[in-house]
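Could you slot chain L onto chain V? The hints should help.
There are 2 protein chains.
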Amino acid sequence: MAYELLKKHKSFDGETIFCEHESASTKTKMKFSAFLPKDLKEIKNAIIWLSGLTCNEENFITKSGVQRCLADSDTMIICPDTSPRGLSLPKESESYDFGTGAGFYVNATTEGYKGHYKMYDYISKDLINILRNDFGVSSFSITGHSMGGHGALILGLREKGTFKTISAFSPIVNPVVSPWGQKALKGYLGPDTDTWKQYDACELVGSGNTSNSKILIDQGLDDEFYEKELLTQNFEKICKSSSQSLLVNYREGYDHSYYFISSFIKNHIDYHLENFN
Amino acid sequence: MAYELLKKHKSFDGETIFCEHESASTKTKMKFSAFLPKDLKEIKNAIIWLSGLTCNEENFITKSGVQRCLADSDTMIICPDTSPRGLSLPKESESYDFGTGAGFYVNATTEGYKGHYKMYDYISKDLINILRNDFGVSSFSITGHSMGGHGALILGLREKGTFKTISAFSPIVNPVVSPWGQKALKGYLGPDTDTWKQYDACELVGSGNTSNSKILIDQGLDDEFYEKELLTQNFEKICKSSSQSLLVNYREGYDHSYYFISSFIKNHIDYHLENFN
Numbered sequence: 001m002a003y004e005l006l007k008k009h010k011s012f013d014g015e016t017i018f019c020e021h022e023s024a025s026t027k028t029k030m031k032f033s034a035f036l037p038k039d040l041k042e043i044k045n046a047i048i049w050l051s052g053l054t055c056n057e058e059n060f061i062t063k064s065g066v067q068r069c070l071a072d073s074d075t076m077i078i079c080p081d082t083s084p085r086g087l088s089l090p091k092e093s094e095s096y097d098f099g100t101g102a103g104f105y106v107n108a109t110t111e112g113y114k115g116h117y118k119m120y121d122y123i124s125k126d127l128i129n130i131l132r133n134d135f136g137v138s139s140f141s142i143t144g145h146s147m148g149g150h151g152a153l154i155l156g157l158r159e160k161g162t163f164k165t166i167s168a169f170s171p172i173v174n175p176v177v178s179p180w181g182q183k184a185l186k187g188y189l190g191p192d193t194d195t196w197k198q199y200d201a202c203e204l205v206g207s208g209n210t211s212n213s214k215i216l217i218d219q220g221l222d223d224e225f226y227e228k229e230l231l232t233q234n235f236e237k238i239c240k241s242s243s244q245s246l247l248v249n250y251r252e253g254y255d256h257s258y259y260f261i262s263s264f265i266k267n268h269i270d271y272h273l274e275n276f277n
Numbered sequence: 001m002a003y004e005l006l007k008k009h010k011s012f013d014g015e016t017i018f019c020e021h022e023s024a025s026t027k028t029k030m031k032f033s034a035f036l037p038k039d040l041k042e043i044k045n046a047i048i049w050l051s052g053l054t055c056n057e058e059n060f061i062t063k064s065g066v067q068r069c070l071a072d073s074d075t076m077i078i079c080p081d082t083s084p085r086g087l088s089l090p091k092e093s094e095s096y097d098f099g100t101g102a103g104f105y106v107n108a109t110t111e112g113y114k115g116h117y118k119m120y121d122y123i124s125k126d127l128i129n130i131l132r133n134d135f136g137v138s139s140f141s142i143t144g145h146s147m148g149g150h151g152a153l154i155l156g157l158r159e160k161g162t163f164k165t166i167s168a169f170s171p172i173v174n175p176v177v178s179p180w181g182q183k184a185l186k187g188y189l190g191p192d193t194d195t196w197k198q199y200d201a202c203e204l205v206g207s208g209n210t211s212n213s214k215i216l217i218d219q220g221l222d223d224e225f226y227e228k229e230l231l232t233q234n235f236e237k238i239c240k241s242s243s244q245s246l247l248v249n250y251r252e253g254y255d256h257s258y259y260f261i262s263s264f265i266k267n268h269i270d271y272h273l274e275n276f277n
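In order, the protein sequences belong to chains V and L. Take the first sequence: its position 161, counted from the start at 1, is 161 in our numbering, and no numbers get skipped. Take the second sequence: its position 156, counted from the start at 1, is 156 in our numbering, and no numbers get skipped.
Chain V on its own, in the form it takes in the complex (with noise of 0.2 Å):
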């Protein structure tokens, strides 16, 4: 077994885990957690979710609810941790927006972050192998929120062999533009803006990066991110004119929080569930 198994609490007649495990792609410790329905033997898929700046793997399968949305399925979800922790890089704990907590789901090619930050390979790589060889799971899709909704969306967009469908809460669609994504980028990747296009899901999707399937995503309109940050709109319009499928719900008095994530939860595992089957 690739990991190490930290806790685990009976839920909904499955399992939720924590977990602990060396990653090849950054070279630290890193963890998840995960909810498993109750026969494993039966698993089939995994929903992986990405979470937001200053999340751990903690925060989604604490208050999201999500374990009895698939107690009765052959799905489980998995929940990475947002960045690898403890290196002690320059500005790596200086902001909540970079560094610890903010891993943004890229390869990050400047000075001492190239040697760890790996999220994207970390995601689309590490996690899928222990999916595959340690969960014995062979199909899957991802979701996630805020930063989170952009992993998902990138990674959704670029690895379309792995993952049957992609949804997405409250995401930052068009990072390149966003400031959270203007200091995450150039941070990670440094000033040529033409090596940020690859992380960014408006740019992906207007050079012919799409989905086979419909991309979901519910937006709050009370989100005080929304339309500095998120710019859903401009997903919109870039799917739009590029024939991706896409459905936005906007949902009048929403804002950002896990309120938000638990009361849409229930639909987008069922989209998942719906593909998957």
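Hints are not guaranteed to be accurate.
What the hints assert, rightly or not - Think about it this way: if two alpha-carbon atoms lie no more than 27 Å apart in a straight line, the pair counts; the simulated DSSO-like pairs of lysine-lysine are:
id, chain 1, residue 1, chain 2, residue 2
1, L, K266, V, K63
2, V, K63, L, K63
3, L, K7, V, K228
4, L, K31, V, K63
5, L, K8, V, K63
6, V, K266, L, K7
7, V, K266, L, K31
8, V, K7, L, K63
9, V, K38, L, K266
10, L, K266, V, K237
11, L, K8, V, K228
12, V, K266, L, K38
13, L, K266, V, K8
14, V, K63, L, K7
15, V, K8, L, K228
16, L, K114, V, K7
17, L, K63, V, K31
18, V, K266, L, K228
19, V, K63, L, K38
20, L, K63, V, K8
To be verified - If you want the ones that stay clear, here's a sample from chain V, every Cβ over 12 Å from chain L, calculated:
id, residue
21, T54
22, L87
23, N133
24, V177
25, G206
26, N209
27, F225
Claimed, not checked - These stretches of chain V come out as covered by chain L in the derived footprint (C-beta under 8 Å, 3 or more residues):
id, stretch
28, 108–120
29, 164–170
30, 259–272
Honestly, the hints are just simulated from the structure, not real lab data. Note that the Cβ used here is the ideal one computed from N, Cα and C, for glycine as well.
Same frame as chain V, but now just chain L:
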């Protein structure tokens, strides 16, 4: 309005709110959270949730997934903090199981504590008044976890004119003989063990303080506190000999955590809802 709204999050078409108010019983500010299903004008009933040691007003409403269970009902849930805070009383902050976060739902009589640690009155008077006057609620039930399960049992049994139904997760049913209970009852009430009995569910049922409705309890069998602190079977025995209707669901493999609570919260909510209607 007798409370101040600190924050609110739209959830399941309703609202998860966090509030603060001046308590006549504790003579401090007290906080609570609540979930209000979508049409506040139609809310008729309230379930009071009492949390366990170390918790505050946030744990349950964030981790339990209760919103999904109440979204389509005419019933709100309210989750008070577990003690007064910030008083700097002797020993108030030295341990996790006494003082701050550990009010035990009693009216303290010991020096220092007697001026503020009136959690029994806080729940049965202050909180009920807010529910009646500010939320327009006329029917009540009560539930909770561990120390809060103890609180739900003693308040429900003693205030039977107020609470229609009682349920509990992993309650401390017999605090006069459990280490957590003995420490707290001695600290809040002094060494005379006779005064402790009014706050002990087994003693209450044994002396005729029974409820007209069935009491519902869920207890995990992998709960590390089950045998030493919770003593569920003592309550089963006394209920049987006192003709108190009781259903205890022993749950194989479940522990003392919120993963356990979230797995079975819907059963408890449904039980209370059935009895309101």
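Each hint tested on the structure:
A distance of roughly 16 Å separates the Cα atoms of K266(L) and K63(V); the hinted pair therefore holds under the 27 Å criterion. Of the pairs offered as hints, the one joining K63(V) and K63(L) holds, with about 5 Å between alpha carbons and a cut-off of 27 Å not exceeded. A threshold of 27 Å between alpha carbons decides the hint, and for K7(L) with K228(V) the separation of about 22 Å falls inside it, so the pair holds. Taking the CA atoms of K31(L) and K63(V), the gap is about 20 Å. The hint holds against a cut of 27 Å.
Under the criterion of a C-alpha separation no larger than 27 Å, the hint pairing K8(L) with K63(V) is consistent with the structure, at around 16 Å. For the hint pairing K266(V) with K7(L), the CA-to-CA distance comes to about 25 Å; that is within 27 Å, so the pair holds. Proposed proximity of K266(V) and K31(L) is contradicted: the alpha carbons are some 30 Å apart, above 27 Å. The suggested pairing of K7(V) with K63(L) holds, with an alpha-carbon distance near 18 Å, which does not exceed 27 Å.
Restraint check for K38(V) and K266(L): satisfied, since their Cα atoms lie roughly 18 Å apart, inside the 27 Å limit. The straight-line distance between the Cα atoms of K266(L) and K237(V) is roughly 41 Å, outside the 27 Å bound, and the hint therefore fails. Restraint check: the Cα-Cα separation between K8(L) and K228(V) comes to about 22 Å, which is no more than 27 Å; the hinted pair holds. A C-alpha spacing of about 18 Å is found between K266(V) and K38(L), which places the hinted pair at or below 27 Å, so the restraint holds.
Using a Cα cut-off of 27 Å, the hinted pair K266(L) and K8(V) holds, with the two alpha carbons roughly 22 Å apart. The hinted pair formed by K63(V) and K7(L) meets the criterion: a straight-line CA distance of about 18 Å does not exceed 27 Å. At roughly 22 Å between alpha-carbon atoms, K8(V) and K228(L) fall within 27 Å of each other, so this suggested pair holds. In summary, the hint linking K114(L) to K7(V) is not supported, as the alpha carbons are separated by about 41 Å, beyond the 27 Å threshold.
Note on K63(L) and K31(V): the hinted pairing holds, with a Cα-Cα distance of about 20 Å set against a maximum of 27 Å. For the suggested pair K266(V) and K228(L), the alpha carbons sit about 39 Å apart, so the restraint of at most 27 Å is broken. Distance hint between K63(V) and K38(L) is fulfilled; the C-alpha atoms sit about 21 Å from each other, no more than 27 Å. Straight-line distance between C-alpha atoms of K63(L) and K8(V) comes to about 16 Å, which keeps the hinted pair within the 27 Å bound.
Residue-level check passed: T54(V) sits 15 Å from the nearest beta carbon of chain L, beyond 12 Å. Remark: the non-interface label on L87(V) is consistent with the geometry, its nearest Cβ contact in chain L lying 30 Å away (cut-off 12 Å). Interface exclusion of N133(V) from chain L stands, the closest Cβ pair being 26 Å apart, more than 12 Å. Listed as outside the interface, V177(V) is consistent with that label: its C-beta sits roughly 28 Å from the nearest C-beta of chain L, beyond the 12 Å cut-off.
The beta carbon of G206(V) sits about 33 Å from the closest Cβ of chain L, which is more than 12 Å, so the claim that it is off the interface holds. With a minimum CB-CB distance of about 34 Å to chain L, N209(V) clears the 12 Å threshold, and the non-interface call stands. The Cβ of F225(V) sits about 15 Å from the closest Cβ of chain L, beyond the 12 Å cut-off, so the non-interface label holds. Counting residues of the stretch 108–120 of chain V whose C-beta sits closer than 8 Å to any C-beta of chain L gives 0, which falls short of three, so the coverage hint is violated.
With 0 residues bearing a CB less than 8 Å from a CB of chain L, the stretch 164–170 of chain V misses the requirement of three and the coverage assertion fails. With 5 residues bearing a CB less than 8 Å from a CB of chain L, the stretch 259–272 of chain V meets the requirement of three and the coverage assertion stands.
Hint compliance for this structure: hints 7, 10, 16, 18, 28, 29 are not met, and every other hint is.
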